[in-house]
Amino acid sequence: MKNKIEVAVALLSLGITAIESQAAITPPSFHFQVGSAGAASGGEACNFGSATQASATEWFFQGACAGLSGTSMSWSYMVDQDPFITGTFSLTNDTALAKSYVVDFSLPISPAISQSTVSGQVSGTLTDSNGSGSASLTSTSGGAVYTALADGLFVQSLMTNTNQSVASQFGTVSFSGGSFGQGAPLAGPSINSTIGIHFAFTLSAGDSVSFSSIFVANSVPAPGALAMALLAGAVGRRGRRRFE
Amino acid sequence: MKTNIAKNFVFVSGIVFALSSETNAGFTSAGALFNVVTSAGSGAPTNAVTQISPYAWGNTGGWTGSQASVSWANDIQGWNPTTGAGFSNANIVIRNNTASAQDFLVTVSVLGTATGPFVAAGSLGGQYVNGSGSLGSLTSTGPLWTAGIDGTTVNSQLNSALFFAQPYQVVSLGNFNFSNLQIASSVSNNFSIQYSLRLSAGGEASFTSAFSFQSVPGPASIALIGLMPFVRSRRRK
Numbered sequence: 001m002k003n004k005i006e007v008a009v010a011l012l013s014l015g016i017t018a019i020e021s022q023a024a025i026t027p028p029s030f031h032f033q034v035g036s037a038g039a040a041s042g043g044e045a046c047n048f049g050s051a052t053q054a055s056a057t058e059w060f061f062q063g064a065c066a067g068l069s070g071t072s073m074s075w076s077y078m079v080d081q082d083p084f085i086t087g088t089f090s091l092t093n094d095t096a097l098a099k100s101y102v103v104d105f106s107l108p109i110s111p112a113i114s115q116s117t118v119s120g121q122v123s124g125t126l127t128d129s130n131g132s133g134s135a136s137l138t139s140t141s142g143g144a145v146y147t148a149l150a151d152g153l154f155v156q157s158l159m160t161n162t163n164q165s166v167a168s169q170f171g172t173v174s175f176s177g178g179s180f181g182q183g184a185p186l187a188g189p190s191i192n193s194t195i196g197i198h199f200a201f202t203l204s205a206g207d208s209v210s211f212s213s214i215f216v217a218n219s220v221p222a223p224g225a226l227a228m229a230l231l232a233g234a235v236g237r238r239g240r241r242r243f244e
Numbered sequence: 245m246k247t248n249i250a251k252n253f254v255f256v257s258g259i260v261f262a263l264s265s266e267t268n269a270g271f272t273s274a275g276a277l278f279n280v281v282t283s284a285g286s287g288a289p290t291n292a293v294t295q296i297s298p299y300a301w302g303n304t305g306g307w308t309g310s311q312a313s314v315s316w317a318n319d320i321q322g323w324n325p326t327t328g329a330g331f332s333n334a335n336i337v338i339r340n341n342t343a344s345a346q347d348f349l350v351t352v353s354v355l356g357t358a359t360g361p362f363v364a365a366g367s368l369g370g371q372y373v374n375g376s377g378s379l380g381s382l383t384s385t386g387p388l389w390t391a392g393i394d395g396t397t398v399n400s401q402l403n404s405a406l407f408f409a410q411p412y413q414v415v416s417l418g419n420f421n422f423s424n425l426q427i428a429s430s431v432s433n434n435f436s437i438q439y440s441l442r443l444s445a446g447g448e449a450s451f452t453s454a455f456s457f458q459s460v461p462g463p464a465s466i467a468l469i470g471l472m473p474f475v476r477s478r479r480r481k
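Chains E and L supply the protein sequences, listed in that same order. Quick note, the first sequence lines up with residues 1 to 244 if you use my numbering. Quick note, the second sequence lines up with residues 245 to 481 if you use my numbering.
It should be emphasised that the hints constitute simulated quantities derived from the structure, not laboratory data. Certain hints may be false.
[Claimed, not checked] Rough simulated footprint, nothing fancy, chain L against chain E, three-plus residues with beta-carbon under 8 Å:
hint: 1; segment: 90-101
hint: 2; segment: 122-128
[As the list claims (entries may be wrong)] Anything over 10 Å on all C-beta distances counts as not near chain L; from chain E, calculated:
hint: 3; residue: P27
hint: 4; residue: S114
hint: 5; residue: G142
hint: 6; residue: F180
hint: 7; residue: A184
hint: 8; residue: P221
These numbers come from a predicted model, not from an experiment. All C-beta atoms, glycine included, are put in the ideal place defined by N, C-alpha and C.
Based on the sequences and whatever the hints tell you, model everything.
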């Protein structure tokens, strides 16, 4: 009987190992969506490019989307379900009119975080791509260009009431969109399922914008776990003293 | 750094070259030519070309290695025979996912010919993202960005670049613009934009840049334009 149980346990652990290794080679369901004037395009990022495993928990997504008429977009993002999202996307408005865009990136997290700290940052460039002599990037309706989301809900925003412009032919302007929680992470919400970054902006005709951004969430150890960790340190020190 | 890559590192990706049936004022190619040389691996880049206007094309593509990548989109290049203007504009992202520093040399060229002299303008802007848990850097031993005609540099920006970023932080590389640059020579083969840089482990650099030039009317053309009102007034009389 004991032998049978041991065999069953061994098979079970083998199965768990197999499931774990299978999970390790499946990229996370990193989603993007780009929308303008009521039309939207997007889906699983890996269906619009490639997904490469960079480490045990990190995945690198690279791709492009020209699904939205008159708009071309490419991205390069590193994500970790533990979790963070960091990377760059570039978008060009190839139409003859200024357009308002909404671009969303969303990543499922694992494990859920009961209490988080958060940090984020955004920076970008705006270029007069068609040589018209001007380019502009503004917040849509005075809102924020960058919004960090947890479970689809607001966490922090950056670049509120933004108005960036280029006044020379084929000129470029770089802008720092600010940051939050860098150095000293801010207290964040509990996060059950996803983190994301939401971009909303209006871009002039024929011009390009590129955003590099980061959103990181970390788990805050629960008071019980913190006490245990402190106790473990104290016990360890007492043990060493006794040994000496 | 270019010499280092040539001498010390394993080559190289390759070239993507898209042809079009149109021929515009000596520019026989509607497509851009992309060349990626990196110490982080090898392989051929891909590229898809879309015509945006009669004289402008968009390019989307890149090179993806096992641990590094270069991607571009919205690279627009063209030549307008009516205005006598050519331009190349590139949004490029370069990523190093390896555990050590890597060198990258990326060239975007437009093949063709055009008669000088020209007046040129251009710009460069960018960001550096440190996606690693330790201090990261973006450097270049020579100019990070060069605009060239037939392989000769006509303008360069960010000479000996040196940027540091804390873990998981974004650093703006600033913006650099130039205009009214007089170029006496003609284009006999190509005009190009080139990036040359070294990225530490987990680093990502993204750039938007443009390089354009416009034909300057010769003295005879200017004299002709100057004579036009005189001829018209004589006719009216």
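Against the structure, the hints:
Counting residues of the segment 90-101 of chain E whose C-beta lies closer than 8 Å to any C-beta of chain L gives 4; at least three are required, and the coverage claim holds. Only residues whose beta carbon comes within less than 8 Å of a beta carbon in chain L count, and the segment 122-128 of chain E has 7; three or more means the coverage holds. Its beta-carbon lying about 14 Å from the closest one in chain L, P27 of chain E satisfies the requirement of being farther than 10 Å from that chain. Chain L leaves S114 of chain E outside its interface by the beta-carbon criterion, the shortest separation being 22 Å against a cut-off of 10 Å.
Consistency note on G142 of chain E: stated as away from chain L, and its beta-carbon is indeed over 10 Å from all of that chain's, at 23 Å minimum. The Cβ of F180 of chain E lies farther than 10 Å from every Cβ of chain L, with a closest approach of about 12 Å, so its non-interface assignment holds. Every Cβ of chain L is farther than 10 Å from the Cβ of A184 of chain E; the closest lies at roughly 13 Å, confirming the non-interface assignment. Listed as outside the interface, P221 of chain E is consistent with that label: its C-beta sits roughly 19 Å from the nearest C-beta of chain L, beyond the 10 Å cut-off.
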